[in-house]
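Take the sequences, apply the hints, and build the full model.
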Amino acid sequence: MGDFVKSREYDSFRSSIPQKKIVVDGDEDRTWVIYDAGPRNIRCPLVFLPPASGRATVFYKQLLTLSAAGYRVIALDYPVYWNMKQWNEGFCKLIDYLRLDKIHIFGASLGGYLGQKFAESTYLAQRVQSLILCNSFSDTSIFQQSNSAPAYWMLPGVILKKMIMGNFERGRVDKGIAASVDFMVDSLDSLGQQELASRLTLNCMNSYVEAHKLGDIPVTIIDVLDTSALSVSVKDDMFKCYPSARRAHLKNGGNFPYLSRAEEVNVYIQIHLKNFWGSKESALSGDREMEMLSTKSTESDDSTSN
Amino acid sequence: MSILNTTKLMISRKIFAGVRISPALFTDQGKSLSTSAYFLAGSQWRLEHGLGKCGNEYGPLTSIPDWSYADGRAAPLSYSKTRRLKDKEELAKSIKKQITQMDLAKEYHKQEIMDLSKKRVGKTSLMNQYVNKRFTNQYKATIGADFLTKEVMVDDRLVTMQIWDTAGQERFQSLGVAFYRGADCCVLVYDVTQTNTFKALDEWRDEFLIQASPRDSENFPFVVIGNKIDLDNRSVSTKRAQNWCHSKGDVPYFETSAKEALNVEQAFQAVAKNALAQENEMDVMNEFPAPITLNPTNQPSKDNSCSC
Chain F
1 MGDFVKSREY DSFRSSIPQK KIVVDGDEDR TWVIYDAGPR NIRCPLVFLP
51 PASGRATVFY KQLLTLSAAG YRVIALDYPV YWNMKQWNEG FCKLIDYLRL
101 DKIHIFGASL GGYLGQKFAE STYLAQRVQS LILCNSFSDT SIFQQSNSAP
151 AYWMLPGVIL KKMIMGNFER GRVDKGIAAS VDFMVDSLDS LGQQELASRL
201 TLNCMNSYVE AHKLGDIPVT IIDVLDTSAL SVSVKDDMFK CYPSARRAHL
251 KNGGNFPYLS RAEEVNVYIQ IHLKNFWGSK ESALSGDREM EMLSTKSTES
301 DDSTSN
Chain R
1 MSILNTTKLM ISRKIFAGVR ISPALFTDQG KSLSTSAYFL AGSQWRLEHG
51 LGKCGNEYGP LTSIPDWSYA DGRAAPLSYS KTRRLKDKEE LAKSIKKQIT
101 QMDLAKEYHK QEIMDLSKKR VGKTSLMNQY VNKRFTNQYK ATIGADFLTK
151 EVMVDDRLVT MQIWDTAGQE RFQSLGVAFY RGADCCVLVY DVTQTNTFKA
201 LDEWRDEFLI QASPRDSENF PFVVIGNKID LDNRSVSTKR AQNWCHSKGD
251 VPYFETSAKE ALNVEQAFQA VAKNALAQEN EMDVMNEFPA PITLNPTNQP
301 SKDNSCSC
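From first to last, the protein sequence lines stand for chains F and R.
Counting from 1, position 123 in the first sequence corresponds to residue 123 in the UniProt record's numbering; the numbering is continuous, with no gaps.
Counting from 1, position 305 in the second sequence corresponds to residue 305 in the UniProt record's numbering; the numbering is continuous, with no gaps.
Hint data in this document are derived by calculation from the structure and do not stem from the laboratory.
Heads up, some of the hints might be wrong.
[Claimed, not checked] With a cut-off of at most 27 angstroms between alpha-carbon atoms, the simulated DSS-like pairs for lysine-lysine come out as follows:
1) F:K161 x F:K175
2) R:K259 x F:K240
3) F:K240 x F:K102
4) F:K85 x F:K161
5) R:K150 x F:K235
6) R:K199 x F:K240
7) R:K273 x F:K235
8) R:K259 x R:K199
9) F:K20 x F:K235
10) F:K20 x F:K213
11) R:K199 x R:K150
12) F:K235 x F:K93
All values reported here derive from a predicted model rather than from experimental measurement.
Quick look at the structure:
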C-alpha cells in the first residue's frame, strides 16, 4: 500500500465523489465507471482518460482540486473494447448519455492516444474541444508489438501485468514518484485479465493518429523530462504532430506526473482551460470565471455572471 | 487583508521571472541536454481595480480594452479600431465573448487607461517580443498565469526555457507556489519612466525569495530589466538602477524596449545563462537522497531508453 492510498486526501476523494456505473450499449459486460465532479450545468467538462495500467482513480488529485476550483471534471474507466472503432462508438454514446455537447480531454499515455483517436473520428462534428496529452503518443508502432497484439486476449493476466510493470521506474526516485508508482501498481492489480488485455490490444494494434484532422484543436502537451517509458524520439514525434501545441514541461515526475506532481499538472490544466473562459466551451462555472476575472466582486460582476 | 492588497500592488509593478532549468532527458541521440526554465512574472494591477476582462493569445477570454502607449501620448484606440487590428482568426474566436463583455469593458475604460499607463511595466510584452517577436500596443491584463517556451542555445547547449508570466492575484496564489518553487532564475522588471515601479523592486525581490524559498537565497540569480527606454520621459537613471543592482550582489542589469525590440534578446540570453548556471550548481550541492540525477555524467542514459 502506498502513501497515496492511505492519505486523507484519497479518503476525502472516495467519500465525496460518487462512483457511477453506466452501460451504454446494452451489454452488461461493458460498464463505464465514471466519477463526475463539479457543477453539473457545465456542458463541456474536462474528461480524464487513464493510461493502460490505471483506473479512473489515478486522477483523484485532479478531480479534487479542479472540482473545488469550480471546474466540472469527469474521470472514467473504459470497459472492455477490442478495437478502436468500438471504443469510439462506446465513448460517443457515453458522452451523449451524459448530455455533454463537447469535451476537453486530458489523456495520459493510452488515454491520450484514445483521446486523439476519438477527436479524429469526430473531427467533423467537433466533439472534442481541446486536448491535454500527458506522456502520450500518436503512433502505436513505437511499441513494436503489432504482431503479438492480436494474441493478447489469451495471455494470462500475470504476463500482461508484467509487460506493463516492466516500464515502471526502478531505482532511486523521490518520495512523490515512488508513491505514484505504488498507487499505479495497486491500480494495475485491480484490473482483470480481460480489461488489461483489451487495453493493451488497443495500445499496441498498429494504428496512428491522423493529426492533420486535429489541426484546429488546441493542444497542450505535458512532457516530463525524466520519464523513462517513452523515448525522446516518440516525444519529438508528438511535437511534430502538433506544431502549434503548447509544451508544458516538468523537470521530473516520472511516468505519472498527475500523481507525483499533481500541483504543477493542475496548474497546467488550469492554464490550458483558461483559454476557454467565457465561451460556451468553458469547463469552469460562470460564477467562478467572473470571480477570477475581477478581484472585487462588484455588482456589475454579479449581474453578468448568470 | 491590507497586506494581501499591497502584495498585489507590488506584484503589478514588476516581473518575477523564475527561470528554472531542469534536468533533462539525456539520450543517446541528438540533444545533449534540454532544459526547461520557468519565469514568473508579477501581476497586473488592473485586476485589483476590479477591472478585469482579459485575454491571451488563444483568444476568447477576453474583451481587450484598448490601450495606447503610456501617459496618454497616443490617443487610445477605439473599440472598433482594436477589433479591426486584431487578426481575423483570433477575432472570430473571441467575438462572441467580446459582445457580451463590451458593456462591462466600456464602463471601466477610462480609468483603466489612466492607471495602466502609470503602472504596467510590460512583462507580457517583453515575453512576447522575445518568444514571438511581436509587439502590440493593445493591452491585455494577465490573468492568473501563463507561460511560453523557447529553445535557446546557451554555451553550445540546446536549452528549452520555460518563461512564466503570472498575475499575483490573490486567488491565484495557490496556483503560484507550485511554480515559484524550483525556479532557476527570477527576472525583475520595472518601467524606467515610473519611479515607483523601480522602488518596488526591493519588495519584489523579497517576496520572490519568500515564495520560492530557494536553497541558497543569498546567491539566487536575479536579472533586472528596465523596460520602455523608447519613451522620452525617463525618470530612473541608468546609474541609479545599476547602483541598486550592485548593492544586491551584482545582479545583471539590462535596459530594454519591448516595443522596439531593443536589448530584449540579450536580456533573456543572460537569464538563460544564469538559470543554467544555477542549475549546475544545484547538481553539485544536491544533498538530499537525490531523486533524479540531474547530471548526465553521473548517470548514463541507460534508464532513459525506451523499454517498450
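Hint check:
no.	hint	in the structure
1	F:K161 x F:K175	holds (23 angstroms)
2	R:K259 x F:K240	violated (31 angstroms)
3	F:K240 x F:K102	holds (26 angstroms)
4	F:K85 x F:K161	holds (25 angstroms)
5	R:K150 x F:K235	holds (17 angstroms)
6	R:K199 x F:K240	violated (45 angstroms)
7	R:K273 x F:K235	holds (26 angstroms)
8	R:K259 x R:K199	holds (23 angstroms)
9	F:K20 x F:K235	violated (35 angstroms)
10	F:K20 x F:K213	violated (33 angstroms)
11	R:K199 x R:K150	violated (30 angstroms)
12	F:K235 x F:K93	violated (31 angstroms)
Violated hints for the displayed structure, listed by number in ascending order: 2, 6, 9, 10, 11 and 12.
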